Amino acid sequence: MIIRDEEFIRGKSPMTKEEIRTVSISKLNIQNNYRLLDIGAGTGSVSVQMSKIAYLGQVIAVEMDEEALGLIEKNKKKFSADNLQIIKGEAIDVEKQIQGEFDGIFIGGSGGNLEEIISIYGKRLKPGKVMVLNFITIDNVYKAINILENLKYSTELIQLSISRSKGKSHMLIALNPIFIITARREIHE
Numbered sequence: 001m002i003i004r005d006e007e008f009i010r011g012k013s014p015m016t017k018e019e020i021r022t023v024s025i026s027k028l029n030i031q032n033n034y035r036l037l038d039i040g041a042g043t044g045s046v047s048v049q050m051s052k053i054a055y056l057g058q059v060i061a062v063e064m065d066e067e068a069l070g071l072i073e074k075n076k077k078k079f080s081a082d083n084l085q086i087i088k089g090e091a092i093d094v095e096k097q098i099q100g101e102f103d104g105i106f107i108g109g110s111g112g113n114l115e116e117i118i119s120i121y122g123k124r125l126k127p128g129k130v131m132v133l134n135f136i137t138i139d140n141v142y143k144a145i146n147i148l149e150n151l152k153y154s155t156e157l158i159q160l161s162i163s164r165s166k167g168k169s170h171m172l173i174a175l176n177p178i179f180i181i182t183a184r185r186e187i188h189e
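Numbering (our numbering), first residue to last: 1 to 189.
Derived from the structure by calculation, the hints contain no laboratory data. There could be a bad hint or two in this list.
Said to hold, decoys possible - Below, a list of computed lysine to aspartate or glutamate pairs in the EDC-like style, where the Cα atoms sit at most 20 Å apart:
id, residue 1, residue 2
1, LYS126, GLU101
2, LYS17, GLU6
3, LYS123, GLU95
4, LYS123, ASP93
Said to hold, decoys possible - With beta-carbon atoms standing in for the labels, derived distance ranges:
id, residue 1, residue 2, range
5, LEU172, LYS12, 20 to 28 Å
6, PRO177, TYR55, 26 to 34 Å
7, SER80, THR22, 18 to 26 Å
8, ASP82, ILE120, 22 to 30 Å
Owing to the predicted nature of the structure, the values given are computational and were not obtained by experimental measurement. We treat Cβ as the ideally placed atom computed from N, Cα and C, and that holds for glycine.
Working from the sequences, and respecting the hints, build out all of it.
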């Protein structure tokens, strides 16, 4: 079940748009019993969608912005995402509150701590599983690819551009292009 953008309760917090969310989540190859992590969860659109796919598993959403936290709570309730746990704080600061390993990690925001987040949480990613990262800037893509490859992840990079029609003439209005990195933790570590 794909949840449409207009179904989410929204505010000023960033939200991963439907098409980007769908592709990013598909890269995680989620099974119904997976344990997943969403860092920089924003409105919770990715977290909620993952919780509906991994309905026998668990999703942990990490977010530091107060308004965004309120939106995640509202969306969790609206979509009955009972297997979604919300953790308030900067990902680096709350790391000790998060126990165990993950079958997939989504990073939608890093608060400027990209290297630390990848290094720390990457150790919690099960071998052979993937981390998916979304970026709008080339600078962050370059940093992330270097960090991941130095840590011996195999990486794939795609760029996704979405345009939506507007008005009677159906003029296409482009959204920001998004870079999606899929990084697989190698089994032979």
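Would you list, in rising numerical order, the hints stated earlier that this structure does not obey? none
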